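Undergrad: With chain F fixed as given, assemble chains A and D onto it according to the hints.
Protein chains in written order, with numbering that gives the first Met the number 0: chain F, 0 to 94; chain A, 0 to 482; chain D, 0 to 489.
Think of the hints as simulated: they come from the structure by calculation, not from any bench.
Each hint should be verified, as a subset may be incorrect.
[Said to hold, decoys possible] Think about it this way: if two alpha-carbon atoms lie no more than 30 Å apart in a straight line, the pair counts; the simulated DSSO-like pairs of lysine-lysine are: (1) A/262 with F/91; (2) D/356 with F/8; (3) A/87 with F/4; (4) D/356 with A/87; (5) F/91 with A/138; (6) D/340 with F/8.
[To be verified] One-sided and incomplete, this derived list gives chain D residues near chain A with beta-carbon spacing under 10 Å: (7) 97; (8) 99; (9) 103; (10) 214; (11) 368.
In this text the structure is predicted, and so the values were computed from the model without any measurement.
C-beta: ideal position from N, C-alpha, C; glycine also.
So you can see what is in the structure, the chains are spelled out below.
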Amino acid sequence: MSLDKATVKNIANLARLEVREDELDHLAGELSNILQFVEQLAEVNTDGVAPMTSVAHMELPRRRDEVTDGNYPERVLANAPERIDGFFVVPKVVE
Amino acid sequence: MSYVIEGETGDWELVIGLEVHAQVISKSKLFSGAATDFGAEPNTQVSLVDAAMPGMLPVINEYCIEQGVRTGLGLKAKINLTSVFARKNYFYADLPQGYQISQYEYPIVGEGEVILDMPDGSTRTVGIERLHLEQDAGKSLHDQHPSKSFIDLNRSGVALMEIVSKPDMRSPEEAAAYITKLRSILRYLGSCDGNMAEGSMRCDVNVSVRKAGEPYRTRAEIKNVNSIRFVHQAIEYEARRQVDLYEEGGQVVQETRLFDANKGETRSMRSKEHAHDYRYFPDPDLLPLNLTQDYVDAIKATLPELPDEKKERFIRDYHLSAYDAGLLVADQATADFFESVAKGRDPKMACNWVMGDFSAAMNRLGRTIDNPPVSAANLGGLIDLIADDTISGRLAKEVFELMVETGKAPAVIVDEKGLRQVTDTGAIEASIDAVLAANGDKVEQYRSGKDKLFGFFVGQVMKATGGKANPALVNEILKKKLG
Amino acid sequence: MSELTKLTMAEAREGLKAKRFTAVELTKAHLAAVGAARGLNAFVTETPDLALERAKLSDAKLAKGEAGPLEGLPIGMKDLFCTEGVRSTACSRILENFVPTYESTVSGKLKDAGAVVLGKTALDEFAMGSSNETSAFGPVTNPWKRKSDPSVKLVPGGSSGGSAAAVSARLVMGATGTDTGGSIRQPASFCGLVGLKPTYGRCSRWGIVAFASSLDQAGPMTRTVRDAAIMLGSMVGYDPKDSTSANVAVPNFEAALTGDIRGMKVGIPKEYRPDGLSAEISKLWADGIGMLKDAGATPVEISLPHTKYALPTYYIVAPAECSSNLARYDGVRYGKRVEGKTLDEMYAKSRAAGFGKEVRRRILIGTYVLSAGYYDAYYIKAQKVRRLIADDFAKAFETVDVILTPTAPSAAFGQGETDDNPITMWLNDIFTIPTSLAGLPGLSVPTGLSADGLPLGLQLIGRPFDEETVLKVAEVMERAAGFTAVPAGI
Chain F
0 MSLDKATVKN
10 IANLARLEVR
20 EDELDHLAGE
30 LSNILQFVEQ
40 LAEVNTDGVA
50 PMTSVAHMEL
60 PRRRDEVTDG
70 NYPERVLANA
80 PERIDGFFVV
90 PKVVE
Chain A
0 MSYVIEGETG
10 DWELVIGLEV
20 HAQVISKSKL
30 FSGAATDFGA
40 EPNTQVSLVD
50 AAMPGMLPVI
60 NEYCIEQGVR
70 TGLGLKAKIN
80 LTSVFARKNY
90 FYADLPQGYQ
100 ISQYEYPIVG
110 EGEVILDMPD
120 GSTRTVGIER
130 LHLEQDAGKS
140 LHDQHPSKSF
150 IDLNRSGVAL
160 MEIVSKPDMR
170 SPEEAAAYIT
180 KLRSILRYLG
190 SCDGNMAEGS
200 MRCDVNVSVR
210 KAGEPYRTRA
220 EIKNVNSIRF
230 VHQAIEYEAR
240 RQVDLYEEGG
250 QVVQETRLFD
260 ANKGETRSMR
270 SKEHAHDYRY
280 FPDPDLLPLN
290 LTQDYVDAIK
300 ATLPELPDEK
310 KERFIRDYHL
320 SAYDAGLLVA
330 DQATADFFES
340 VAKGRDPKMA
350 CNWVMGDFSA
360 AMNRLGRTID
370 NPPVSAANLG
380 GLIDLIADDT
390 ISGRLAKEVF
400 ELMVETGKAP
410 AVIVDEKGLR
420 QVTDTGAIEA
430 SIDAVLAANG
440 DKVEQYRSGK
450 DKLFGFFVGQ
460 VMKATGGKAN
470 PALVNEILKK
480 KLG
Chain D
0 MSELTKLTMA
10 EAREGLKAKR
20 FTAVELTKAH
30 LAAVGAARGL
40 NAFVTETPDL
50 ALERAKLSDA
60 KLAKGEAGPL
70 EGLPIGMKDL
80 FCTEGVRSTA
90 CSRILENFVP
100 TYESTVSGKL
110 KDAGAVVLGK
120 TALDEFAMGS
130 SNETSAFGPV
140 TNPWKRKSDP
150 SVKLVPGGSS
160 GGSAAAVSAR
170 LVMGATGTDT
180 GGSIRQPASF
190 CGLVGLKPTY
200 GRCSRWGIVA
210 FASSLDQAGP
220 MTRTVRDAAI
230 MLGSMVGYDP
240 KDSTSANVAV
250 PNFEAALTGD
260 IRGMKVGIPK
270 EYRPDGLSAE
280 ISKLWADGIG
290 MLKDAGATPV
300 EISLPHTKYA
310 LPTYYIVAPA
320 ECSSNLARYD
330 GVRYGKRVEG
340 KTLDEMYAKS
350 RAAGFGKEVR
360 RRILIGTYVL
370 SAGYYDAYYI
380 KAQKVRRLIA
390 DDFAKAFETV
400 DVILTPTAPS
410 AAFGQGETDD
420 NPITMWLNDI
430 FTIPTSLAGL
440 PGLSVPTGLS
450 ADGLPLGLQL
460 IGRPFDEETV
470 LKVAEVMERA
480 AGFTAVPAGI
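Here chain F stands alone, though its shape is the one from the complex:
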């Protein structure tokens, strides 16, 4: 798969990464190379093979429904770039 600039722009937008117009060509080439490299997987016969999402051979552990955490807003907000009255603050979102 060879990526064009529009596709690179689109995925950069999905990933919320600002990419300068003059970087697009280089990035498109680089990403296309990488995709060509990984596309060698196409030659592997995977018929009937179940995708492996985890190597952990165990059951999903479950917690009891108890309040054991939270109630420490200072720890949550300690690194906030901007905060007012216990809220995180971002540029206004217009719906």
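TA: Chains A and D in isolation, oriented as in the chain F frame:
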């Protein structure tokens, strides 16, 4: 009673599907131990996991799984013994992880059904497509500052059940009935409190229109419609908009729309449209959720009697109409109240009282069934007094109001106020004799054929006895004496 | 150079117990070494005050006979572990000023065991790299020098390059690493160390900045196999806060070092001999096989047929997970924020300014392979091949007890020596990535020097949760190899 929109080009049918987000009742969040209570100070009910601090990991709450299974069983749905949590990736200020942990390809619950009780007493079945568990996002407040939005993560990570219906509804009324019934089932199950005002139940409405017999046309999704009334309004507006659009030669585009409750209209949310691609993939921080049939069966064994079964039983055992039974079972506490009142009594009379004067008083006083204006025992006692002719039905209404006012038992009120019905034939005869004697001219007129005067005599006797004479006896003796 | 910094953990443990020196003296000697070796850029953040305070506590505990297994031993902490009250950066601008209000499970366990943390060691940004050159805070220099040209600054490998350089230069006795595709083993090989990536699930991931959740695993980097066993014992264990943490018994790893591997079958995978494998590495491997034979083990040729697909599989799976894991760095709750007119603009600017080139590249690739229309062709396909790779190992372990391979295709290279093609750099991990995909324990042990005088390591791979066999065989090889070389100036 099919619902159609009459357009220039003919009749249009509505096709409606609903996605309901129901907040799971649990003490702590789906993947963290922070509390879920509504209305706490901002960012207090937030763990490091909910704030998506670097290196934080999710651990699932077993009770939320149970609630999901319980709800699935209540919707007569297939429980999937293996389900998978997936990440739904998108950026938003109140979505700390940059993804929502949800279920995508493999939800915990598959197909089921909800039976709607329509106002005319008929029923309709709406298919359930799936139910899955997912995390709620935080809350953005846009009205606190001229140029900033404020973010509170208290809700972040609270467990939600997304319940997706099939596109089986054909009118706003059916959509309303669906939400009402679904909420009733969730409340019976104790899996969601159904409080739409606090946002613990939220609806996305999918609407399309078509000519009869056509395949489905393009649908619009109206997001976050937060009351049954708004669902009704939003559907009506959106359907009309789509019909007008088609008839003007336009096309409906698949998009997300917002319902503006102030203007009563829907409008496009183009800002949210741009490049939606959620890039779902199985969450590598979690493993597939495997359940055993034994686990599911054990939950099944604890299910309460649900509204549909209860309704059937009320029709069968109490001989109530489908309509009455449907109304009574909509709320579990009301149904229980009714059953306490009806026990050993005439069920129809119990139903009439519960749905009539009792409900009216409750609404008037802003009380709830958990804090009723009159206890079930007292309401039952009142019905007993009617049944054994201690008081007449008409007097009973007065007694009921006094019960509401004073909280006293009906028998006490009857005694205190001397309202006990007179069933002593001697006393009634004496009253009648007195009335007849005082109205000799009317007696003559009656006897010469003026039948209508019978009511006058009854009225006079009742007046003379202070309304306490047993009306049936009065009638009987009067007829004999005048005969 | 103080004699104290030349001790192994095992020796220092005995010395402290015998009161030949104190934990404070040991710490001070190492802090002095740290100060003298700043040119290596091994540390991102030094915490000498905390270290001395902790060392005093260790002396008190030692005096009372309450010493933990690592009491008073100076270590380095890879700056991917979140440490309460101490800046934790992942060597990224985006976390440059991030001070966690919590302590990762593994770093907490090490502190509880008495370890004295001297500071946070450098890494490739978000652990993405094989040379430590992607760090936002400058490259780390390998203390080893080429005989042919000692003036060339070599990379320590990556991503745990700061840890590797610090241990190798005797600034700390051991250090934590994390390994996603080789990030412990490859730098261990480059710096002449023992580096162990345990079985996936052995160490809790809670509080470690995530790169690729299905692969990330913490492990020890030390100068001897015994030290790796000692340190590992204080890092592992079930953690209910990590849903992929394995609830398995924790053995006494040190007790596994019996020196007896007679009768053991050692798998030699034929696919790890690709065209172009250097003669030097081939010989190293052959020598290693010889050592095991001499110790009474039997080499068995095995086949891991999907080996060549491990690298492309990894470069779908790891970027996919990283693209999602790094979405939380959005400038809202912590980390770098570059203001924008809109929320989206703020995100895009903050993330562009906060992430370096390699991280951005991987986020973009990961975003692409998960996107609509490509998910099946890339991500699902990779997950299927991943199973085939894991199955290859499972099949091999039906007949062998442990597998021996080279750790890396070369010795340490010079800073800035690789070309611009990212895939060239990725090839460094060609021998370590299959193990990571299969979640198996892998250990690199130094067994020889290159012609140019640089250390080279061999990798031992074990069955799931059989770190004991891996350590046991490694110790036999360590002894047989008699690897005594040290970096220049030590």
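Undergrad: All hints, please: hold or fail.
TA: Hints versus structure:
Taking the CA atoms of residue 262 of chain A and residue 91 of chain F, the gap is near 23 Å; set against the 30 Å cutoff, the hint holds. With a C-alpha separation of about 16 Å, the suggested pairing of residue 356 of chain D with residue 8 of chain F holds against the 30 Å cut-off. The suggested pairing of residue 87 of chain A with residue 4 of chain F holds, with an alpha-carbon distance near 25 Å, which does not exceed 30 Å. Of the pairs offered as hints, the one joining residue 356 of chain D and residue 87 of chain A holds, with about 25 Å between alpha carbons and a cut-off of 30 Å not exceeded.
For a cut-off of 30 Å, the pair hint linking residue 91 of chain F to residue 138 of chain A stands: about 13 Å separates their Cα positions. Distance check on the hinted pair: residue 340 of chain D and residue 8 of chain F sit about 20 Å apart at the alpha-carbon level, within 30 Å; holds. The closest approach between the C-beta of residue 97 of chain D and any C-beta of chain A is roughly 7 Å, which is under the 10 Å cut-off, so the hint is satisfied. Residue-level restraint check for residue 99 of chain D holds (minimum Cβ-Cβ distance to chain A is 7 Å; threshold 10 Å).
Checking residue 103 of chain D against chain A: minimum C-beta separation of about 6 Å stays under 10 Å; hint holds. Taking 10 Å as the C-beta contact cut-off toward chain A, the hint placing residue 214 of chain D at the interface holds, the least distance being around 8 Å. Residue-level restraint check for residue 368 of chain D holds (minimum Cβ-Cβ distance to chain A is 9 Å; threshold 10 Å).
Consistency note: the structure conflicts with none of the earlier hints.
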